[in-house]
Structures are given as structure tokens and as C-alpha cells.
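Asker: Listed here are the chains, written in short residue letters.
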Amino acid sequence: MAPESDIAALLGRVALRDRAAFAELYSQVSPKLFSVCLRILKDRGEAEDALQEVFVKIWQRAGRFAAAGNSVVAWLVTIARNHSIDVLRARRPVGESRDDDWQIADPAPDPEHEAVLKWEGKRIDRCMEELDPDRAGAVRSAYVEGLTYQELAERHAVPINTMRTWLRRSLLKLRECLDR
Amino acid sequence: MSKPEQSEGDRSRDQLLAGEYVLGVLPEADRRKVEARMIKDRAFAAMVASWQENLSGFDADYEEQAPPSRTYSRIEARLFPARTFQQQLLSSGGWWNSLALWRGLAIASFATLVTYVSFQSGWIGEEPSSRTLVAQLSGDSNAALGLMARYDTGSGLLQLMPVAAKADDARSLQLWLVPDGGDAPVSLGILPQTGEGAVDIPADLRPRLRDGVTFAVSLEPFGGSPTGLPTGPVIASGKAQGI
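Going down the list, the sequences are from chains L and S. 17 is the number of the first residue of the first sequence in this note's numbering; add one for each residue after it. 10 is the number of the first residue of the second sequence in this note's numbering; add one for each residue after it.
Honestly, I wouldn't trust all of these hints.
Stated by the list, open to error - Dumping the calculated DSS-like pairs for lysine-lysine here, alpha-carbon to alpha-carbon at most 27 Å:
hint : chain 1 : residue 1 : chain 2 : residue 2
1    : L       : Lys-48    : L       : Lys-58
2    : S       : Lys-42    : L       : Lys-73
3    : S       : Lys-42    : L       : Lys-189
4    : L       : Lys-73    : L       : Lys-48
5    : L       : Lys-58    : L       : Lys-73
6    : L       : Lys-73    : S       : Lys-49
No lab work stands behind these hints, which were simulated from the structure alone. Keep in mind that this is a model prediction, so the values were computed, not measured.
With these hints in hand, go ahead and build the complete structure from the sequences.
Answerer: If you want it as C-alpha cells, here you go:
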């Protein structure tokens, strides 16, 4: 893949309806985005359909990317992840509703500190090391593969409520570490 | 919603919800609720954006994998269905409403302004109420983009069209004759890259230039359309009329 700045320049030209730039952007980032679709949907046909939809969205939304301080590749991956997860959820309705299990201690109660957004994605690796390996693995596969609580629970052989608590506690710990 | 007196518990709950959304563990209905809330609640949207940025470190796990070769042509077919030339002439261009276009215009520093007098004025009659001016706006030589401006004196509408301006992907403006009755457009030639856009009409085509025919200019790859038919967007068009 070309450097981030080249991808950003291509996306800028796509926002201006430059079809040649769109073709070039496709050749640069489609292997990464196809990998996202495939990893989440686990079916080549569905992943190919999803990739088409993703690039239609990229063409339509290119003008919405705000370059300042944001990674363009991360933005493109987010479009691919969100679309693939939506396809997955629509395919397998999980009848899983949100519960009210919110009584988890919050280790990061400093609102002013929280208001300062942290943009360095790399810090996640350091913060993941502070979690139990099991839970870090659950967080990572939830993100990378778009797994539901139910699927994560089965994979780790724990009750679903345990998995829910694991992930929520892990998220709060990560938030606290990332804001530190 | 986010209120100044929002309790710590609420904030914590919102942080979790935002994190769960980005992780992708929420069921479909909850995903839609989160997205609806992001639109109205900027503080919450910022939480989601922050998670997105933080967790994007996991994107490294997606190892590149080439999609099937047919996929791109399918995407093109979806986005750019073959339209008749008449439809192209009628489409006023969604790019005019594009925020990105205006953002691009604001960012670029345009140094030169070369004005074309449009092809309609002068050598063929045109309704005086809708004279068209076309201008190419370009920046320093490194700028990837220029703009083509089209001004219609009749409607008072100034339209702008982005143009790839780098030497290696320069574009040409191609003039077309669009016959009545839906026949395929005929190329009348390439407009000069600078200066006044006069075109010497081939002798065999001259009899076809008469009242009622439509002229159009499209943006094409450098040197003109590779197919013999317009392939790029039509940036100007008008009907010829005797005076």
C-alpha cells in the first residue's frame, strides 16, 4: 500500500469525483479492505459483495473525511468494518438485548482529562498488555472478527454474562490506560 | 444526552457503549441506536471517534488479500452506469453541492486564471440570454488539482469542475456535435489547452452545423476520448441557433 499521505491525496481527488483517482485508490486499498470483509464475513462471495458496497460508500462519502490528525486508512477500514458487521448482524440475528449490568466501577472519573481525546492508536498495544491475556484476546477478536458476546462466550467457554463483564471491564481499563 | 451535570455513572456507561459499538459486539438494533445518537450528541460521537482511533491499532491484523479481479468492474458498473449522452447533458452535476469541492477550493491557492471564451460565441449563433464562459483555474505546478469554471450569463450560475492538472494526468476538453434525434455525438475536435477555444471544423462535418444542433464540451483524457464517444463529464453544452 502507498504511504498514508498518498492515500489521503487520492481520497481528496475522489471527493472531487475523479474516477481515475478512484481506480487508483481501489488498487491501493482494496486488498486491505477485502481482508477486513473476509475476516468478518468468512465467506468469499459475501466478502466480495461487501467490498462493492464499501467502495460505493467510499465514493459517496469521500468528502466527509477530515484529514486533520486522522488516519485515512483507519477511516477506510472503519467503513469496511461497519458495513461487514452490519451484514453479519443482519444475517444472524442474535436476539441478544442489552442488559442493565452497568454497575462496574469506573477507574477513570476525571472529566477534564477525559475531554482531551487521545489519537495515538499505537498506545493500544501497551494498554492491551495490562489486561489478562485471555481478555485481551477476547477484545482483539471481537474487533478483528466482529464476534458477538455469544460467540465470544462459546469460544472462551464461559457464560455469556461472564464474557460481557470481561469485555466491559477490559474496555474501562483500556479507557483508563489510554487516557493516562 | 450529554448534560453538564452528567453523572460519572452516565459517562462511564457512555464510554462502554461507545467502546462496545466500535468493538462490534452490539446487536443490529443497538448499532442503529448508537449511530442515531452520534448524530445528535457530539460528546458521545467524540467518544466513539476516540475508540475508533485507539482500536484502529488492531487493523494491522487484517493482512492484505487481493479481491477477485472482476470486483472493480462491478463497482464501476454500480457507480457509473452507462448513461445516454442526453442524460449527461441534462445532469446538472452533484459535484456542485459537494462540500469537499468547496473545501478543496479553499485549500488550494489559485495563482492563474485563464479564460476561454466559449465556443458558442462568435462563430455560431447562440441565444444571447445564455452565453457561457469557461475558465480554467490552476495553482502552482505541484497542485494536483485545478478547477474549470463555467458561467452561464443567462442563469447567473457559476459552476466549478475539478480538473486533474498534473502534467502526467492532464485532461483535454473535447468539443462534440450532438445531432437531433438521438444519434451518437460526433467529435469536432480538441479545444486548445490555453487561450481562445477556436476549433477548425472538418469540411465533411460543416453541413451538419445548422439550427437546432447541440454543442457540448466534455472533459476527456489528454488527447481526447479514447473511444470516439464522450467518456468524461460534460462541462458545457448549448443549442445552436441562427441569428
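Asker: It remains to establish, for every hint, whether it holds in the given structure.
Answerer: Do the hints match the structure? See the list:
Among the hinted pairs, Lys-48 of chain L with Lys-58 of chain L is consistent with the structure: their alpha-carbon atoms are about 15 Å apart, no more than 27 Å. Between the alpha carbons of Lys-42 of chain S and Lys-73 of chain L the distance comes to roughly 20 Å, so the proposed pair stays at or under 27 Å and holds. Between Lys-42 of chain S and Lys-189 of chain L, the direct Cα distance comes to roughly 25 Å. Compliance with the 27 Å bound is thereby established for this hinted pair. Restraint check for Lys-73 of chain L and Lys-48 of chain L: the C-alpha separation of about 16 Å stays at or below 27 Å, so the hint holds.
Restraint check: the Cα-Cα separation between Lys-58 of chain L and Lys-73 of chain L comes to about 21 Å, which is no more than 27 Å; the hinted pair holds. The hinted pair formed by Lys-73 of chain L and Lys-49 of chain S meets the criterion: a straight-line CA distance of about 22 Å does not exceed 27 Å.
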